[in-house]
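A.B. asks: Below, each chain spelled out in residue letters.
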Amino acid sequence: MFITFLDVVIGGLIMGGIYALIAVGLSLQYGVGRVLNVSHGEFIMLGAFATWSLYTVFGISPLVSLIICGPGLFLIGFLIHRTLFQYLRGTSESIGAFADSSLLASFGLLFIIQNLALLIWKADIRGLSYLNVPVSILGAIFEANRLIALLFAVGISLAFYIFLTRTRLGKAIRAAAEDPATAQVMGVNIRRVLAICFGLGALMAGFAGPLISMIYEMQPTMGLEYTIIAIIVVVLGGLGSITGSLIGGFILGLIGSVVTNFDPGLSLVAYYVIFILLLLVRPTGLLGKS
Amino acid sequence: MDSTRVIYKRPFSLGILFLILILLATMPFYVQPYLVILLSSIFMYVIITLSWTIFSGPTRYISLASAAFFGVGVYTSAILGQALPLPVVIVIGGLVSFILALFIGLLTLRLRGMYFIIFTFGISELIRHFLLWWEANFTGTVGRWVVIVDNTTVYYVMLVIFIMALLTAYLIRRSRFGLALRSIGEYEEAATHIGINATVVKTTAFAISAFFMGLAGAIMATRWTYIDPRIAFDPLFSFMPVLMAIFGGTGQLYGPIFGAAIFAYLEEILITKFPYYYMLLFGTILIIVIMFLPHGLVGLVQKWRKGGSRR
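Protein chains in written order, with the numbering used here: chain A, 1 to 290; chain B, 291 to 601.
Don't read these hints as lab results, they were simulated from the structure. Some clues are possibly wrong.
Covered by chain B, per the in silico footprint, the following chain A stretches (three or more residues, Cβ under 8 Å) [said to hold, decoys possible]:
| # | stretch |
| --- | --- |
| 1 | 75–88 |
| 2 | 91–104 |
| 3 | 114–124 |
| 4 | 230–241 |
| 5 | 265–277 |
So, partial list: chain B residues that the calculated Cβ filter (under 8 Å) puts toward chain A [unchecked claim]:
| # | residue |
| --- | --- |
| 6 | Leu397 |
| 7 | Leu401 |
| 8 | Ile408 |
| 9 | Met569 |
Yeah, the Cβ is synthetic: ideal placement off N, Cα and C, and Gly gets one too.
I would like the entire structure built from these sequences, with the hints used as guidance.
C.D. replies: Encoded structure:
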């Protein structure tokens with residue numbers, strides 16, 4: 001009984017840690033930049049597959065890949081925002097029109113990135129075997145790679161939270177999330193901050209990718225599922241609330257773990273039920289403002 | 291000045307429309323069978339996109355639940371196909387979608403903007419995953435066989451549904467109901483203040499649009515012969531109509547029709563000619579369209595017309 005309990009809790013924390021990371025990324029892109037980036041999952045997939053290639057071809061450890069994939073994807077995200085999304089922002093009549101057109105543009109990105117990945121890595125299911133040695137915690141057995149992934153997910157989330165609350169750039173980002181126009185008046189270079197936010201979202205995907213590749217199977221088409229989970233978590237935490245996304249990720253992970261313990265086929269169904277009930281009862285999420 | 295020109299032109303464009311319809315109706319007699327099949331798929335997309343525009347065009351509520359309504363039609367066809375004659379099955383498929391849309395419409399009254407988009411997407415994914423789980427655990431088999439109907443019949447049924455959808459969309463646009471929908475899209479609070487029952491209007495339009503999607507799904511299932519929840523409720527059926535309608539432009543009725551027809555044809559060509567680069571090309575075209583044609587083909591045509599009249 002106790003072991004099952006521990007199994008479910010730690011399993012939930014592992015999933016939750018990764019959900020929190022990917023949701024924070026999406027939250028930065030949507031909450032601040034108004035881009036509902038449906039290609040977010042494709043960035044995660046890119047991170048995971050880059051890690052796989054680096055590991056199988058060059059023998060580079062997934063943990064080292066973290067510092068290669070993260071900044072690499074940050075750069076890609078930054079450039080995409082500077083070119084594509086900033087162009088759309090400039091030509092859109094209103095913020096609502098921009099939200100619509102950027103949503104469609106990110107569908108375009110989804111198709112392009114997924115197709116490129118299919119060309120490079122083929123459609124096979126891949127997996128890494130990295131540090132899959134069993135570790136016992138109070139009688140429950142876990143693989144070491146899962147615990148390491150949990151540790152890194154929590155560590156990155158915390159580091160990011162500190163960055164957001166303690167640094168100048170972090171404050172500028174939060175100001176831009178509150179009210180872009182006023183932030184600009186206060187001297188925030190809004191174009192740069194928005195591009196950095198989008199880049200940081202991609203950075204989170206670049207961190208999540210290697211962690212996911214360590215513990216789950218992967219496929220070039222896996223992206224959309226992670227995007228959907230990220231959207232659910234962001235709504236759960238409250239659109240635009242980055243702290244809410246962090247907490248929401250862990251809550252959803254724990255729920256998923258409990259449901260999986262009963263019937264693995266129902267976990268996605270459970271996510272959608274929670275999601276829909278939440279939208280009906282409290283659409284602003286846990287920490288969102290009404 | 292402008293309105294007189296439109297009135298003057300109407301008999302002329304009606305004649306062209308009639309001619310096109312005759313051409314489409316006689317098509318199976320003189321073209322290759324392949325073309326009939328291709329045209330049926332194009333019609334499928336045109337119907338879904340046109341009916342999506344009935345609700346989402348004027349109200350500007352972007353619905354991503356098309357896959358749910360289409361899939362419900364597909365599943366009705368798979369479950370009832372053997373027991374009942376084809377026309378009955380198709381109508382039931384439409385009605386079940388209609389009822390589902392009424393239900394979803396009543397649930398989502400309070401949601402707007404991004405929340406509405408996400409909710410509609412969530413509900414269609416929920417149905418898909420629930421069915422997958424249900425079929426795996428209770429019926430034992432994931433997937434069903436559907437009674438086959440010959441290609442010409444499929445084509446004619448699609449044509450009839452298309453004409454019905456077009457007529458409905460046209461009548462709605464010209465009615466008080468259509469005006470109410472448009473005023474909700476412009477400014478919902480103001481619309482309720484001048485006495486429009488936004489709830490009833492929105493839900494009705496949503497259900498009407500779902501009805502045609504259900505019809506299209508029910509007939510399309512017979513061409514696939516085998517279906518499962520992943521095929522029937524493929525999220526692409528939710529995304530495609532949005533893309534096609536925006537590509538065509540939602541300002542005029544012909545926008546979504548031509549948008550869907552061109553897009554569907556393009557998809558078919560790209561898939562057969564460049565199977566490995568199809569999505570890459572598709573995504574690139576999509577981004578180019580959004581960047582340079584924000585009002586779709588309709589916008590382009592209007593721009594061109596304005597330029598022409600000025601000269």
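A.B. asks: Compare the structure with each hint and give your call.
C.D. replies: Against the structure, the hints come out as follows:
no., hint, in the structure
1, 75–88, "holds (count 3)"
2, 91–104, "holds (count 9)"
3, 114–124, "holds (count 5)"
4, 230–241, "holds (count 4)"
5, 265–277, "holds (count 8)"
6, Leu397, "holds (6 Å)"
7, Leu401, "holds (6 Å)"
8, Ile408, "holds (6 Å)"
9, Met569, "holds (4 Å)"
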